[in-house]
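Peer 1: Here is how the chains run, residue by residue.
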Amino acid sequence: MAETAATPLDPLEPRDLIPPHHDDKSLNETLLDHVWRKPGKGWFMLFGLTLSALGLLVVGVTYTLARGIGVWGNNQPVGWAFDIINFVWWVGIGHAGTLISAILLLFQQKWRTSINRFAEAMTLFAVMCAGLFPLLHTGRPWFAFWLFPYPSTLGAWPQFRSPLVWDVFAISTYLTVSALFWFVGLIPDLAALRDSSKTKLQRTIYGLFALGWRGSGRHWHNYKIAYLLLAGLSTPLVVSVHTIVSFDFAVSLLPGWHATIFPPYFVAGAVFSGFAMVITLIVPARKYLGLRDVITDRHLENMNKVILATGLIVSYGYMMEHFIAWYSQNQFEFWTFYVNRATGPYAGVYWLMIACNVITPNIFWFKKCRTSVPIMWVASIAVNIGMWCERFIIIVTSLSQDFLPSSWGIYTPTWVDWCIYIGTLGLFGTLFLLFLKFVPAVAISEVKELQLELKHAAHQKSHGAH
Amino acid sequence: MEATVLDSWVLAEFETPDVLVDATRQMREKGFQGMDTYSPYPLHGGSEALGLPPSKVPFIALCGGLTGLTTALAMQTWMNTYDYPLNIGGRPLLSLPAWVPITFELSVLFAAFGIFFGLLGLSRLPQPYHPVFESDAFRTASTHGFWLSVPHATGQDAAAVIDQLKALGATQVTVVTGEKE
Numbered sequence: 001m002a003e004t005a006a007t008p009l010d011p012l013e014p015r016d017l018i019p020p021h022h023d024d025k026s027l028n029e030t031l032l033d034h035v036w037r038k039p040g041k042g043w044f045m046l047f048g049l050t051l052s053a054l055g056l057l058v059v060g061v062t063y064t065l066a067r068g069i070g071v072w073g074n075n076q077p078v079g080w081a082f083d084i085i086n087f088v089w090w091v092g093i094g095h096a097g098t099l100i101s102a103i104l105l106l107f108q109q110k111w112r113t114s115i116n117r118f119a120e121a122m123t124l125f126a127v128m129c130a131g132l133f134p135l136l137h138t139g140r141p142w143f144a145f146w147l148f149p150y151p152s153t154l155g156a157w158p159q160f161r162s163p164l165v166w167d168v169f170a171i172s173t174y175l176t177v178s179a180l181f182w183f184v185g186l187i188p189d190l191a192a193l194r195d196s197s198k199t200k201l202q203r204t205i206y207g208l209f210a211l212g213w214r215g216s217g218r219h220w221h222n223y224k225i226a227y228l229l230l231a232g233l234s235t236p237l238v239v240s241v242h243t244i245v246s247f248d249f250a251v252s253l254l255p256g257w258h259a260t261i262f263p264p265y266f267v268a269g270a271v272f273s274g275f276a277m278v279i280t281l282i283v284p285a286r287k288y289l290g291l292r293d294v295i296t297d298r299h300l301e302n303m304n305k306v307i308l309a310t311g312l313i314v315s316y317g318y319m320m321e322h323f324i325a326w327y328s329q330n331q332f333e334f335w336t337f338y339v340n341r342a343t344g345p346y347a348g349v350y351w352l353m354i355a356c357n358v359i360t361p362n363i364f365w366f367k368k369c370r371t372s373v374p375i376m377w378v379a380s381i382a383v384n385i386g387m388w389c390e391r392f393i394i395i396v397t398s399l400s401q402d403f404l405p406s407s408w409g410i411y412t413p414t415w416v417d418w419c420i421y422i423g424t425l426g427l428f429g430t431l432f433l434l435f436l437k438f439v440p441a442v443a444i445s446e447v448k449e450l451q452l453e454l455k456h457a458a459h460q461k462s463h464g465a466h
Numbered sequence: 001m002e003a004t005v006l007d008s009w010v011l012a013e014f015e016t017p018d019v020l021v022d023a024t025r026q027m028r029e030k031g032f033q034g035m036d037t038y039s040p041y042p043l044h045g046g047s048e049a050l051g052l053p054p055s056k057v058p059f060i061a062l063c064g065g066l067t068g069l070t071t072a073l074a075m076q077t078w079m080n081t082y083d084y085p086l087n088i089g090g091r092p093l094l095s096l097p098a099w100v101p102i103t104f105e106l107s108v109l110f111a112a113f114g115i116f117f118g119l120l121g122l123s124r125l126p127q128p129y130h131p132v133f134e135s136d137a138f139r140t141a142s143t144h145g146f147w148l149s150v151p152h153a154t155g156q157d158a159a160a161v162i163d164q165l166k167a168l169g170a171t172q173v174t175v176v177t178g179e180k181e
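Respectively, the protein sequence lines represent chains X and P. For what it's worth, UniProt numbering labels the leading residue of the first sequence as 1, then goes sequentially. For what it's worth, UniProt numbering labels the leading residue of the second sequence as 1, then goes sequentially.
These are calculated hints, taken from the structure and not from any lab test. Treat the hints with care, as some may be off.
Claimed, not checked - Sample of chain X residues with no beta-carbon within 10 Å of chain P, all distances over it, derived:
1) H137
2) F323
3) F332
4) A382
5) T412
Claimed, not checked - Incomplete in silico selection of chain X near chain P, CB under 10 Å:
6) L27
7) L32
8) D33
9) W36
10) G131
11) S196
12) L208
13) I225
14) E449
Backbone N, C-alpha and C fix where the C-beta goes; we use that ideal spot for every residue, glycine too.
Next up, chain X with everything else stripped away, as it sits in the complex:
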């Protein structure tokens, strides 16, 4: 009896996920503390830094709008460059947020509870940054509504067989659903903020966003199922979005793009870079916010395992691309993979990509690396760089040397390209810092619920053992 009764606790769920010395009240104080506290010097310094980077975005965008997109480096034959590289890069980063909040929720991976709010915010801001690039690339973003089917005086409709139109629908749906998911998760915590606010102004503002939530059992009844359903919807959505992004390339006929492996390989790459970005952001944030009790080393280790797994899938993708290029005996494919990418004008970027994406994640085979905060932080930045290089390699090498040597060309980004890219990093950082200041970075109501579940499980266990 004792042996069987001693295991009501999920074996994947050791108790130290949240230290047992917390109760609802102390969790509340710990998790809300950073909202009520005046931000420290570090926050203001970082905010100044991201704000200056945001200034670069303003400069880059203003100059582009005033002079036209000719000020960018892309031109024939490389018609797509930084605009699409950064677009795919940012969207990919966003995907980890949805993955953490939705897929891990469906699989009942309880450790997600402490990091999902954080990751969802990352998704939202990353998709905003991503959206800027195609918008600017239209040249006249004030006519961006032309992309949507609306009854225009021209009497024309969008061409629905084009992956670029699919992209418009995919990205706008993704942004909307992510925002709804994030907000629904936030409502109970906004109510908690409203009810523990000190001043009338705070109370009014948080009260406005809390929509009058009072934790009613009748509301929770609908809320639980609504949240689960939104998670269920987000899961196929995230896969579909990056699949559609990969169709932008896979549907064309260019060597290096025209591959059926693209959808799964892009989705894995997105998760890979997204988890790396979560590590990059959460390591300093949890220190600053004092959240080590809630975002534990075990959370970080689990994320590193995901990075390792998806990194291996990405490596497999590279292997398959090279294998098919050889196996098909198509001379253009062969040239692209074995000559142009590996030894051509962009070979440096290619080998940096291999080093960052194929070699780096393998350090996470070792527990020592998975649990060492400085090592994982550096590795996560390497992965982000590597995934940026991957998009650069896919897009630029294939375009710069395609079928006819007479139409080859070299692409170099201009200062405007760099301004806009660094600018979006500033935009992302600014939004993120504001998020950390004004909203609880950890889903408080979910952590409390988990805490209770863990206590119950521990209680049962101790009773069963007698």
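Could you slot chain P onto chain X? The hints should help.
Peer 2: Okay, now just chain P, sitting in the frame of chain X:
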């Protein structure tokens, strides 16, 4: 002008979620109607204790999803096959496989709208004012307090309700008055 009908609620705070769920069930078994629990996170067994019917949110989500599906299929077919046909390399004007991505996206989008607005509609939110907010102590309901409200509308004497709640383990009991819902 219509006169405001006043009503009152008995609010009781309990120590733990388990005590609250237990008390709710017992109060309901005694015949109290229209009660509600308030807690910072969903109560395990809370819906059952209140005797709530299954949520309508999934049905609304399904309706939203189906609306999105039919809208997307109809839109693409009408626009690209009938109203503005484009012959590109002789591809069929009704190319259903190419309609799939947008159909999927719009189904998800409309289902998500259904869930979100369904949730708000069923919960009658946003509702910035509610009589329970009259009690200052009730502010713990969103942080660490577990509350039960019994509407006085059924005619029981408030004092009797208070005594019963205390017997079930309520740590503090108050009465709030407000506009009838």
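Peer 1: Compare the structure with each hint and give your call.
Peer 2: These are the hints, each one checked on the structure:
1. H137: At roughly 21 Å from the nearest Cβ of chain P, X:H137 sits farther out than 10 Å, so the non-interface label holds.
2. F323: holds, 28 Å
3. F332: holds, 21 Å
4. A382: Holds, because the least Cβ-Cβ distance between X:A382 and chain P comes to about 33 Å, which exceeds 10 Å.
5. T412: About 34 Å separates X:T412 from the closest Cβ of chain P, which puts it past 10 Å; holds.
6. L27: holds, 8 Å
7. L32: holds, 8 Å
8. D33: violated, 13 Å
9. W36: Because about 13 Å separates X:W36 from the closest Cβ in chain P, which is outside the 10 Å limit, the hint is violated.
10. G131: violated, 15 Å
11. S196: holds, 6 Å
12. L208: holds, 7 Å
13. I225: Holds, because the Cβ-Cβ distance from X:I225 to chain P comes to roughly 5 Å (cut-off 10 Å).
14. E449: holds, 4 Å
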